[in-house]
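Asker: Here are the chains, one letter per residue:
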Amino acid sequence: MKRLVFCILFYLLASSIAQARSTGCKEGNCDNGYGKWVYTDKTTYEGEWVATKKHGQGTETWPNGYIYKGEFKESQWNGIGILFFPDGSTYEGEWANGFMNGEGTFTWSDGKQKKGIWKNGSLQE
Amino acid sequence: MEVSKNRFKTLSEPVKQFGGLVGIIILIFLTFFVLNNIFGEGDELVAKMKIEEERIAEERKLNKLISSLPSGVLVSFDGTDNFKLSDELYEAVCKATKLIPQRAIMGANFLNFRAHEIYTINGNKIDETFVKWDDEKNKCFAGFVVSGNNVGVDETVKVSGEALSFLSTGIDTRVYFIKNF
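Residue numbers (this note's numbering), protein chains in the order written: chain A, 47 to 171; chain B, 2 to 182.
Derived by calculation from the structure, the hints in this document are not laboratory data. For each residue, glycine too, the CB sits at the ideal point set by N, CA and C. Heads up, a few of these hints could be off.
One side of the interface only, derived from the structure: several residues of chain B facing chain A at Cβ under 8 Å [what the hints assert, rightly or not]:
id, residue
1, Phe9
2, Phe40
3, Gly108
4, Asn113
5, Phe114
6, Leu165
7, Ser166
8, Phe178
Restraint ranges, calculated between C-beta atoms of paired labels, are given here [claimed, not checked]:
id, chain 1, residue 1, chain 2, residue 2, range
9, B, Glu60, A, Asp77, 45 to 51 Å
10, A, Thr151, B, Thr130, 27 to 33 Å
11, A, Gln122, B, Lys85, 31 to 37 Å
12, B, Val47, A, Ile54, 41 to 47 Å
13, A, Thr86, B, Ser72, 16 to 22 Å
14, B, Lys85, A, Ser68, 26 to 32 Å
15, A, Glu120, B, Lys85, 34 to 40 Å
16, A, Lys48, B, Ile52, 44 to 50 Å
17, B, Ser72, A, Gly79, 33 to 39 Å
All chains, please: the whole structure from these sequences, using the hints.
Answerer: Spelled out as structure tokens, the structure:
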């Protein structure tokens with residue numbers, strides 16, 4: 047019984063160490079400078095950091111296929127950037143507070159496009 | 002009455018025993034008949050059991066199929082690095098999938114700011130998720146419902162769209178991309 051408890055505890059410890067080693071700042075400087083951060087769900091950010099926040103140019107890749115390339119401000123998608131959706135659709139244009147805000151073009155995977163002023167992810171008619 | 006009694010007494014022992022056995026069997030049948038009428042659901046229960054058996058058999062078949070799929074991202078569109086699902090597999094995976102992870106929800110929220118607001122205000126809480134196969138459209142639809150208080154107003158928002166990609170973990174499958182645009 048003691049052996050079983052020991053094995054379980056050892057397994058939990060080993061898996062948490064392995065998890066901790068696979069996440070966090072993997073390359074470069076993730077405080078101030080250029081670095082790559084890996085999150086527990088395998089989302090990655092590679093780009094510029096200022097005071098431990100994503101700030102400047104960078105690329106955020108989600109495990110389910112969303113990729114944002116562009117400007118970050120205070121760890122949010124902010125400025126000019128392009129978002130690639132998993133099916134190949136894209137939005138290229140202005141971002142604010144992590145949403146499509148400003149001028150931008152949405153291109154569907156079949157090539158259809160919608161261009162205009164966006165507010166919080168919606169195209170303003 | 003007296004005559005019947007005398008006649009019974011004149012019967013041989015094996016015949017008496019056989020008669021007793023038949024009597025007990027009839028009594029048992031009658032007892033069960035009465036109990037079934039009082040407590041039993043008869044045909045309805047049998048029908049329910051059949052449906053349940055069919056469901057279990059279908060679930061086993063789907064689980065076997067899921068475990069045979071490669072681990073990783075499964076897509077229903079032309080993806081370069083991912084496993085492309087055939088029409089048949091797409092339907093089967095859709096029917097076997099129940100989970101929608103956080104990134105898929107966050108992705109769908111890009112096109113629904115109200116849902117995003119409620120989702121974040123309420124600590125990423127989801128009221129309900131669903132994954133359904135639409136027989137008419139031959140497509141898989143997935144979505145979620147968020148509700149909560151947003152600037153003093155109780156709101157409920159339902160987000161749904163086509164489920165176009167899934168994650169196969171080897172144990173189960175999860176919706177990975179909801180196309181709601």
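Asker: Between the beta carbons of B:Val47 and A:Ile54, is the distance compatible with 41 to 47 Å?
Answerer: Once the Cβ atoms are compared, 45 Å apart, the range 41 to 47 Å for A:Ile54 and B:Val47 holds.
Asker: Go through the hint on B:Phe40 and say holds or violated, using the shortest Cβ distance to chain A against 8 Å.
Answerer: 45 Å, violated
Asker: Less than 8 Å between beta-carbons is the criterion; does B:Gly108 satisfy it with respect to chain A?
Answerer: 5 Å, holds
Asker: So the hint says 44 to 50 Å: do the beta-carbon atoms of A:Lys48 and B:Ile52 match that?
Answerer: 48 Å, holds
Asker: Hint says 16 to 22 Å; check whether the CB-CB distance for A:Thr86 and B:Ser72 agrees.
Answerer: 18 Å, holds
Asker: Given the hint of 34 to 40 Å, is the C-beta distance from A:Glu120 to B:Lys85 inside that range or not?
Answerer: 39 Å, holds
Asker: Does the Cβ distance between B:Ser72 and A:Gly79 fall inside 33 to 39 Å?
Answerer: 35 Å, holds
Asker: How about B:Leu165: closest beta carbon in chain A under 8 Å, or not?
Answerer: 6 Å, holds
Asker: Taking 45 to 51 Å as the stated bounds, is the beta-carbon spacing between B:Glu60 and A:Asp77 within them?
Answerer: Holds, at about 50 Å.
Asker: Does 26 to 32 Å hold as the CB distance between B:Lys85 and A:Ser68, or does it fail?
Answerer: Between B:Lys85 and A:Ser68, where Cβ atoms are some 28 Å apart, the hint holds.
Asker: Against chain A, run the beta carbon of B:Asn113 and see if the smallest gap drops under 8 Å.
Answerer: 7 Å, holds
Asker: Does the Cβ distance between A:Gln122 and B:Lys85 fall inside 31 to 37 Å?
Answerer: With a Cβ separation near 34 Å, A:Gln122 and B:Lys85 satisfy 31 to 37 Å, so the hint holds.
When held up to the earlier numbered hints, the structure conflicts with 1 and 2 and fits the remainder.
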